[in-house]
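Chain residues, written in single-letter form:
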Amino acid sequence: MAANPGNKIRNAKLVLLGDVGTGKSSLVLRFVKGQFVEFQESTIGAAFFSQTLAVNDETVKFEIWDTAGQERYHSLAPMYYRGAAAAIVVYDITNAASFTRAKKWVQELQAQGNPNTIMALAGNKADMVEARQVPAEEAKTYAQENGLFFMETSAKTAINVNDVFHEIAKRLLQGQQAQDTPAGMVLNQRPAERMVSSSSCCS
Amino acid sequence: MFGTQVRGVVEDDFNPRRRRTLWNTPAASMPTTTHTIRYSTPRKGHANAHQLLAKFEDLYGFMVEGNVDDVNVLNDVRERMREQGRVWWALEASKGANWYLQPRISSNGGSEGVISVTSLKLSVLTNTITLRRLIRKGVPPVLRPKVWLSVSGAAKKRSTVPETYYDELIRATEGKTTPATLQIDHDLPRTFPCHSWLNSEEGQASLRRVLVGYSFRDSEVGYCQGLNYVAALLLLVMKTEEDAFWMLAVLLENVLVNDCYTDNLSGCHVEQRVFKDLLAKKCPRIAAHLEAMGFDVSLVATEWFLCLFSKTLPSETTLRVWDVLFNEGAKVLFHVALAIFKMREDDLLRIQHIGDVIDILQTTAHHLYDPDELLTFAFDKIGSMTTNTITKERKKQETVVMAELDQRIRRLSSLKMDG
Numbered sequence: 001m002a003a004n005p006g007n008k009i010r011n012a013k014l015v016l017l018g019d020v021g022t023g024k025s026s027l028v029l030r031f032v033k034g035q036f037v038e039f040q041e042s043t044i045g046a047a048f049f050s051q052t053l054a055v056n057d058e059t060v061k062f063e064i065w066d067t068a069g070q071e072r073y074h075s076l077a078p079m080y081y082r083g084a085a086a087a088i089v090v091y092d093i094t095n096a097a098s099f100t101r102a103k104k105w106v107q108e109l110q111a112q113g114n115p116n117t118i119m120a121l122a123g124n125k126a127d128m129v130e131a132r133q134v135p136a137e138e139a140k141t142y143a144q145e146n147g148l149f150f151m152e153t154s155a156k157t158a159i160n161v162n163d164v165f166h167e168i169a170k171r172l173l174q175g176q177q178a179q180d181t182p183a184g185m186v187l188n189q190r191p192a193e194r195m196v197s198s199s200s201c202c203s
Numbered sequence: 001m002f003g004t005q006v007r008g009v010v011e012d013d014f015n016p017r018r019r020r021t022l023w024n025t026p027a028a029s030m031p032t033t034t035h036t037i038r039y040s041t042p043r044k045g046h047a048n049a050h051q052l053l054a055k056f057e058d059l060y061g062f063m064v065e066g067n068v069d070d071v072n073v074l075n076d077v078r079e080r081m082r083e084q085g086r087v088w089w090a091l092e093a094s095k096g097a098n099w100y101l102q103p104r105i106s107s108n109g110g111s112e113g114v115i116s117v118t119s120l121k122l123s124v125l126t127n128t129i130t131l132r133r134l135i136r137k138g139v140p141p142v143l144r145p146k147v148w149l150s151v152s153g154a155a156k157k158r159s160t161v162p163e164t165y166y167d168e169l170i171r172a173t174e175g176k177t178t179p180a181t182l183q184i185d186h187d188l189p190r191t192f193p194c195h196s197w198l199n200s201e202e203g204q205a206s207l208r209r210v211l212v213g214y215s216f217r218d219s220e221v222g223y224c225q226g227l228n229y230v231a232a233l234l235l236l237v238m239k240t241e242e243d244a245f246w247m248l249a250v251l252l253e254n255v256l257v258n259d260c261y262t263d264n265l266s267g268c269h270v271e272q273r274v275f276k277d278l279l280a281k282k283c284p285r286i287a288a289h290l291e292a293m294g295f296d297v298s299l300v301a302t303e304w305f306l307c308l309f310s311k312t313l314p315s316e317t318t319l320r321v322w323d324v325l326f327n328e329g330a331k332v333l334f335h336v337a338l339a340i341f342k343m344r345e346d347d348l349l350r351i352q353h354i355g356d357v358i359d360i361l362q363t364t365a366h367h368l369y370d371p372d373e374l375l376t377f378a379f380d381k382i383g384s385m386t387t388n389t390i391t392k393e394r395k396k397q398e399t400v401v402m403a404e405l406d407q408r409i410r411r412l413s414s415l416k417m418d419g
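Listed in order, the protein sequences are those of chains A and B. Using full-length UniProt numbering, the first residue of the first sequence is number 1, and each one after it goes up by one. Using full-length UniProt numbering, the first residue of the second sequence is number 1, and each one after it goes up by one.
Some hints here could point you the wrong way.
Unchecked claim - Not close to chain B: a few residues of chain A, all C-beta gaps over 10 Å, as computed: (1) Asn-116; (2) Val-129; (3) Arg-132; (4) Gln-133.
Stated by the list, open to error - Which bits of chain B does chain A cover? Going by a derived footprint, with three or more residues having C-beta under 8 Å, they are: (5) 173 to 187; (6) 341 to 353.
Stated by the list, open to error - Ranges between beta-carbon positions, derived for each pair: (7) B/Asp-356 <-> A/Ala-158: 25 to 33 Å; (8) A/Ile-159 <-> B/Arg-80: 44 to 52 Å; (9) A/Glu-137 <-> B/Gln-407: 47 to 55 Å; (10) A/Arg-82 <-> B/Lys-121: 54 to 62 Å.
If you are wondering where the hints come from, they were derived from the structure by calculation, not from laboratory data. Quantities reported herein were computed from a predicted structural model and do not represent experimental measurements. For each residue, glycine too, the CB sits at the ideal point set by N, CA and C.
Just chain B, same shape as in the assembly (with noise of 0.2 Å):
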């Protein structure tokens, strides 16, 4: 694992005193029991044991149930996870310690970090080539915190405010009670209850802290359910609350489009409608068979895109797509997505329910322990996506989602008045 690899990297960036709690049991040093366990092809005849299924704890200590063919997956992805550590320090060998730290050219949409044409250095844009190449086949889980903090802006953001700020925000939500709270309180049972870390007593509060922090530092947002599946997937990646917390803050005020979890949803509403666009263009059949059943794609996608794939995909899966997601921007939500149809293409068009249509993705999503199958539909087989481009069809779906859920308050509460 890279525990061994990894040279204490982590733990030297960043000042103790403002870490607050540890998530201690780093899962990608933590071996498990089924690490090691290989299955050999059944011979004809037992071919029913491909179907026997595991309960077993997967690489950031979820328990999840699957089969011997999953189960072999992992264990694939675990040794390119070493292999790909070990292109990561080879770089570091030859580019120098924390190279991706350095200025590069944004590809997030967002302003910051941005670096001006005049300034550009051949260096600086060969950075970031590799860089986005190299993330795009994964971040090594021990450099995660900091190559996330790094990309997304995170960091720059922290930076902006007194040291203490996190640590006083929390001092100030002591002992207040708000809606918001009262919502937090009543998902942290039920945010992962199938992890044992999130299902400790430490690990919920520390995930109550990050969710009730954030709901004072933005209170339009306050809480929304599903940002608790988000934030303690973040928690385990990050080690830190705090850092957690200033992920969690980037990605709702810079790397996801607004409104996607304020008061109606609107941003999310936004994200479905373009969603939608992009199916039919990108995947004509699937999205004309779709429709002639009946089907609303976003009957799927939402929680897809609520919970940013945490809720759908297998956990490694996930985080390989947040590597992307934080570097690329939210357009890569849109790539992933698509894949998940694309890849069963075939056999989404010979169904004819809309129960099959479901069953089919998600098995397919809960399935899918090989990122690098996933990644590599989602950007090599969707084809390219100019930021552009979704940023002018997000703008015309704005006017036509606030249309909407304008007519539909005007009518809600004519029954109000009615009744």
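One chain only, chain A, in its complex shape (with noise of 0.2 Å):
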């Protein structure tokens, strides 16, 4: 994952949202550590984090924002997704009233957030399948709707948590035109060019 020398190096801020006891800080500390604890500590307003990531002969580095779930906690979300290129939207599989809370994060930053912003629709915890509440294919039908990327995850056994990652950063490398720049976005170097102008792409 170590950039290479003389690579472009491409910041970009990432905000996680979802409802509390999704994982999302796990899902975080899996990407960025590689590890998983049974009890990660409570989130309070947010927790930031860095990680680079390089697709190709590209780097992106992640400026990662992990919210705190509580429902209270709602209000200061604005200040963590203002000018966010992308959003991971996390719910609990296992826990379909964090399903319909996921949706209204959906639904809020499409409203309120960059129009740019690349998003994830991220079903946490896919190792406790025996409980699962949400089933994936409905999860997949409401991601294809709404212009989301989805997969199923698992911060304890690490599935496809390095792959929503890689996907976000890929979209982001391929998605975006010079003159289109989404705020927080920032490009280092020499910024008008390799911007690959393609249209961006929803599944």
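Quick one: dock chain against chain with the hints and give me the complex.
Now the structure itself:
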């Protein structure tokens, strides 16, 4: 994952949103440190992490905001998603209420956030299939209808965790036109060069 | 450690029947493995020895990771705490036991314990000033329960209800499930899992009773994430659940501004706006630089204010902040937050990336093992801020925050109708 010297590094603000206890911090910990702990300290306000990811000959440096999930913290969220280049909305596949909450986050991001924000829907705790309450098909359909890409993840077993971030990085690098750089995505070196011009795709 | 000098002061003050559970291992008298470790300065060529990280238990039993310098600083802090303890005992010898529990002039902004000017005696004034100076230099851990209960007004608050209040409150909560209890149960194992007692069944049961009890006392606050860390640290200091409970009550009801933890955290929004304003006044260069970068200081400061630094600073440093907080009121949080920025002014002004700003602030805060370094900045370098000025500023910001939150709620509810 280390950046090659001479690579272009792109900073991208990424925010994680979702109900309390869905595993937002665990996903970040898995991605950033490759670790998992059963009892992750509860997040207050938000926690910040950064991690670089190399995609082909380019590097994305994620500035990750992992937000608190409790309902009353909702009023702080705009500060964290403002200007985000990407958002991961997380729910817990064993908790139907958390999926409802995820949809509300998507709705809010669509209405208030940056229209160019790349959005991912992550159904976490995919290792606990026996307790599943949210069918994968339902989430997939919802994601397609709303222009998000969808993956079921497990911070515990690491399934699909790096893939979500990798996919976001890929789309960030592909999907932006030079004159249409979303706020929050800062190009460090020679900004106008090497911007691939193609329309952003939503699966 | 202080245990040898205490003469059981903590023990004989309270009726033992009213004490539910004891946190039995007073950290201040708990010898830790690294206690006497002293590293010599590495010779040239071995400079990276400073970078060696070691896990050790800090003064209140938290497992932390730090380098050689941190361990040395902690040893110095322990020595200074012993000296400061001797100052307290000497004053007790000359002024009489419990002199600090006598009436004094409140600097807490609240009305409790305030003495009218006409009844003001010189001795009261002298004691108030002495105590204020003494508390800024630190309350010895064994005296903290007694001093905190007194200066914060918690003892007075408790004295207005029947002695059985806490026990009855806890009895009333038994077997009941509420949204607050569900969230509390979810958070118990996630509250300082690095602390062995808090991670134990006994510790979690204690913490649960304090938090659940409070959620029943004030249903508007109920339970807000963040209070788990505050209450946990209060338990470690106060030693009894009931005292921790009353400290939590006085904190939320008198010391801090209203509505920091209720519904949409409006009080917290207000404090953040006041903080930004103060940063612009007290550290204009930093404020201008960060604003030019598009960095909102609330991104880091929100957690500081909601957890009262308990997740940010090392334990003894946090408690030194709380010593002053309980005596002088919520403006202390501004002093400390400003100090963390101010301490690294030169570095912050050089930095161009948001991630680096956060790294600097977090690393600085996590390694502030020397409480005096922080408090000297907070009070000497930041300069005074009167409670009046801050109250006025809060009033102004309250209107703005309420309008903003209201607008947001309306926007979100219109979204729901569309969907």
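Against the structure, the hints:
{"no.": "1", "hint": "Asn-116", "verdict": "17 Å, holds"}
{"no.": "2", "hint": "Val-129", "verdict": "22 Å, holds"}
{"no.": "3", "hint": "Arg-132", "verdict": "20 Å, holds"}
{"no.": "4", "hint": "Gln-133", "verdict": "17 Å, holds"}
{"no.": "5", "hint": "173 to 187", "verdict": "holds (count 3)"}
{"no.": "6", "hint": "341 to 353", "verdict": "violated (count 1)"}
{"no.": "7", "hint": "B/Asp-356 <-> A/Ala-158: 25 to 33 Å", "verdict": "29 Å, holds"}
{"no.": "8", "hint": "A/Ile-159 <-> B/Arg-80: 44 to 52 Å", "verdict": "51 Å, holds"}
{"no.": "9", "hint": "A/Glu-137 <-> B/Gln-407: 47 to 55 Å", "verdict": "38 Å, violated"}
{"no.": "10", "hint": "A/Arg-82 <-> B/Lys-121: 54 to 62 Å", "verdict": "55 Å, holds"}
Of the numbered hints given earlier, the model fails hints 6 and 9; all others are met.
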